[in-house]
Structures are given as C-alpha cells and as structure tokens.
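Go ahead and model the full structure; you've got the sequences and the hints to work with.
Note that the protein sequences, when read in sequence, are chains A and B. Once you know that position 139 of the first sequence is 139 in the working numbering, the rest is easy, because the numbers rise by one and skip nothing. Once you know that position 119 of the second sequence is 1119 in the working numbering, the rest is easy, because the numbers rise by one and skip nothing.
By construction, these hints were calculated from the structure, which means they are not laboratory data. Don't take each hint at face value.
Selected chain A positions facing chain B (in silico; Cβ < 8 Å) [what the hints assert, rightly or not]: (1) Glu15; (2) Phe21; (3) Gly169.
Every residue, glycine too, gets a C-beta built ideally from N, C-alpha and C.
2 protein chains.
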Amino acid sequence: MTTYGRVEFSEFHSESVGLIFKVEKILLSKKSKFQDLMVFETKSHGRVLTLDGLVMVTEKDEFIYHEMIAHVPLYSHPNPKKVLIIGGGDGGTAREVLRHKSIEQVDMVEIDEEVINASKEFLPTMSVAFKDSRLNLIIGDGVEFVKDKKDEYDVIIIDSTDPISIGEGLFTRKFYSDCKKALKEGGILVNQSESPFYDPKWVEGIYDKLNDIFKVVKSYTAFCPTYPAIWSFGYCLKDGGEVKFNEEAYKSDNLEFKYYNKDIHFASFSLPTFMKKIVYKGKEWENIMRVN
Amino acid sequence: MTTYGRVEFSEFHSESVGLIFKVEKILLSKKSKFQDLMVFETKSHGRVLTLDGLVMVTEKDEFIYHEMIAHVPLYSHPNPKKVLIIGGGDGGTAREVLRHKSIEQVDMVEIDEEVINASKEFLPTMSVAFKDSRLNLIIGDGVEFVKDKKDEYDVIIIDSTDPISIGEGLFTRKFYSDCKKALKEGGILVNQSESPFYDPKWVEGIYDKLNDIFKVVKSYTAFCPTYPAIWSFGYCLKDGGEVKFNEEAYKSDNLEFKYYNKDIHFASFSLPTFMKKIVYKGKEWENIMRVN
Chain A
1 MTTYGRVEFS EFHSESVGLI FKVEKILLSK KSKFQDLMVF ETKSHGRVLT LDGLVMVTEK
61 DEFIYHEMIA HVPLYSHPNP KKVLIIGGGD GGTAREVLRH KSIEQVDMVE IDEEVINASK
121 EFLPTMSVAF KDSRLNLIIG DGVEFVKDKK DEYDVIIIDS TDPISIGEGL FTRKFYSDCK
181 KALKEGGILV NQSESPFYDP KWVEGIYDKL NDIFKVVKSY TAFCPTYPAI WSFGYCLKDG
241 GEVKFNEEAY KSDNLEFKYY NKDIHFASFS LPTFMKKIVY KGKEWENIMR VN
Chain B
1001 MTTYGRVEFS EFHSESVGLI FKVEKILLSK KSKFQDLMVF ETKSHGRVLT LDGLVMVTEK
1061 DEFIYHEMIA HVPLYSHPNP KKVLIIGGGD GGTAREVLRH KSIEQVDMVE IDEEVINASK
1121 EFLPTMSVAF KDSRLNLIIG DGVEFVKDKK DEYDVIIIDS TDPISIGEGL FTRKFYSDCK
1181 KALKEGGILV NQSESPFYDP KWVEGIYDKL NDIFKVVKSY TAFCPTYPAI WSFGYCLKDG
1241 GEVKFNEEAY KSDNLEFKYY NKDIHFASFS LPTFMKKIVY KGKEWENIMR VN
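Have a look at this one:
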C-alpha cells in the first residue's frame, strides 16, 4: 500500500516563525502525570524528544546545550565534587557532568519518571548517564527537594522546561533562595534562562529574580540550532567574584568536546547589545558583564 | 467571504529540519533575469525577502547580520574611507557601512536590479541606504567589476547568496585573488561564509580557498535567528596581522547598535570546537584563532 500522508511537527517561537521537522516515525506519544511526551524519528536529526509540544533534545545537536550547561560552571569551580541537577530527565546534562574526574556524587531530581523511561528506551547516548554509580537519581519535585538542603553542593544546575506549567516553581525567588542556601561556600548555580530574542520578558523576569538573591549574576549564551535563536544561561556566584577557568582540571580531564572550549568558556559571556539591556538593565552593564 | 486556506513558507536547512513562516500576505512574487524573488508580510517578523526560496532578510532580525558583516571589519580598520560591497541588494549592509563618519565612498555592485527595486518598494528601513550621496550603485557582475581594480578599497564586503547558481562566482580562488588585488595596503575582506552546522562542506571549501589567497584568514560568528543555526563570516587581512579594534573611531561615531559592541567584536572570533575543526583544520587552530 502506498501512503500519501506525511507527518510534520512544527513549534512556533513567535506568532509567525517556527521550526519544522519532517517526521519519519512517531516512536512514543503519551500523556504522563505531568505533561505530553513525544519521541519521533527524523532523518537528519535522529530522535527528537518533545514535552508539551516543545523540542527538548535532538540527537544531532543536544551536545551543544548539554556541554554548555555543564562545563561552564564545572570548569569555573576550583574543585567540584558534589553536583545537584534539577530536571534534565533525558540524562544529557548528567552525562556531561559525570565526565569530570573530580565529581564524586550527582544528585539528580526529575519530577517526571516517564521522561527518564523514554530516554532509557529511545535516547541511549543520553541515558547512558543513568548507569553511572555516582548518579543518585531522585524522582520528585526539585522545589521540595532543595528546601531542607544546606551547604551541600558545589554546583547546582537547573535544567528545566519553560517557566509555565510544571516548570514554573523553578523560576521563583523562593526556589533560587533555597538553592543559594543549598550551595557550599564558593558555590555556583547555573540555569537555562530562555531565549532573549523570542522571549525577552521571560528572560528579564528570570534575571530580576536571580539578582535579588545572588551577589553576582551573569549570563552566557550558546547557539542551540533547535531552540529558538540564541539561548541564554544564568550564572550565579553564591559569594561573588569573577568567572574563572580551572586550567589544571581542564588539562587533567583532557576531554574531547564538540562545542565547548576555553575560548568559548569566556567568550560566551560577551552578550549582544539587545541582550545586555535585558539582562543588565538598571546596572552599569558595560562594566558589570566583563569577565576578565 | 471567509477564506479557509492559509499560506505557509518553509525553508529546510537539512533533510528534516527547517524554518516555517505563517504568511499574512504575498507582496511580491516574480522571476527576475537571475532568480525567483518573493516578499511576504508576517505578523511577528514584518516583511521577509526570499531569493530562490531562501530567506535573505526579515525586518525583525536583519540588524544582526547587517551590523555584524559591516562593523567588525570597519572597526578593525584604522581609517576606512572607501568600501566595496558585492551583492547586498536589499541595502542593509550599505546602510550600516554608511553610518561610519570616516566613509567617503561606497561602491556597491549588485547583479540583480530587481532586488534593489523590491527593497525600494517594500523594505524602507534597508533601502534608505540608496538615498545616501556617498553610495555609488553599480548594476552588474561583481566578478567582472573587481577584475581590473587595484589598491582601491580599504574594506571589501561580500554579501552574497549561497555558493550555488548566480552566487557561485563569488566563491572562487580567482575572485578572492582579484579582491585581494583590489584592496589597499592593510585592507580587509569580509564575506558571509555560510552555516558551519548545516553546511560544513560549503564552509570548509570557502576557508580552503580563502587560505590559499590571504595571509591571515579568521572566522567570526553571529546568531541570525532566521538563518540556519550559527552563521559564519570570513575575515581576511591582505597583509596579515591581528584583529584590532579602533576605539577612537568607535567613540567618535558614538553609534547605537542593537547587536554589535566592543565585547562582541572580539568574542565573535571565539569558535565552537566543531567549527574550529572545519575552519582551521590542518593548522594549529588552538593558537591561530586567538584574537588578542
């Protein structure tokens, strides 16, 4: 039998512009307790995971987001041993964190077990992280988990969905304040902080709140081809200071990266002018954003 | 009468992934002597110009590409007076070049008069450049134009379409060699050099050829939301040297930019690892790409 229909998946970033995928095969389409999950196969980007109709990862380009959310904080910390990941159910962030020799324990708190199951079944290059004995996987609410933690983590990474529906609690002053408390002295918090080009209001809100809680808040960026335009990451230092680079750990780990490198480590903090205005508004942003 | 149909425009960057626009109204759709032209209206991105089905500019985000192709070379030259633009029929690049006080003459060679006419009719924020008396507009083939030029230009900007069909001649060793000859001592050539994420083979070919002709060849990048992923620009110094920044001209011009700034000027030369391998392969790229 010849079939004439064709499935396309599109995600609009604004009223008129979006991303479109030619779908070869739907591998999974289900409603979990928290959200709609879909995994589909494509020819050029491998498998794609979407949550509530938004692209989370594609096998082809997930390395960019995951390398950048993990290695920038880890290589700017002098000796990261214990890391907390909130969200990140596909496993990609944990995979990158666990490549660092210094890491002794990663607590990962994912609210939706179905995302982990989908990754284990369909995304082997990401779910490989779940086999690492240093990973302590907790199925639960990150907001609740972090409430009673104190001086426990060197680095906290918030690898969340958008500040709507189930992700909302991960974008509040209360949660950021609990995270700060959960960090050890000299600790670093990084979160995915949305697209300044397509969602400037979200980005503005995130940095407003982070700035109320943390002494030093910066922002860095990466090109994530299947996210809406330039992507931003919040970078917060519990006790202030500058963005550093741990040359010794970098050389000793001797890892191969596909996106991250020492130049990118610093250059990613240089922001386009429109973005400086969103992130550093009301401050002397020409000075505050300099990294070295 | 109610209409039920809806027009969507999609441009695929690979076999499975592309950009999709909801089209409010087709303003122009015609075949010129050289290519298919289309201008359509969208709600979130204003007017969009496509050539042979590829997005050239949208009113919302053209500032990124045009600021970056113009200001990086101009502010790294000590005193740019005469500039040659090859292509760039929409006028956006010329508009940005003409903002610099030092500029006395811009020769712009566009092969397709219909693109200029379309811009004049539909893209007023770009075609404003055509009213500037310092602009010398030539309708003709850039390859032919540059052949007999010698020591004439401080900066040459190649704002072309892709290395297929009519753009092809603008991606050859012969053309690059003629451009080098057309540059004055200390001159700088910049070209749009495609998407290293989606078209690495094109990018590799461009840098191979540039490297055969120019003493120093570097690459810098920008986020162009409606181009395929990260966008690259070739940066060539006729007589070698480093990437500089003309602080004096920058302060004296005192222009407002939406994307470009001094930090971005340097940071844009820091390339993701996969891109270094494409652009600086066979060279000690860890060293050669450092800018200061």
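Legend entry - Enumerated hints in conflict with the structure, sorted upward: 3
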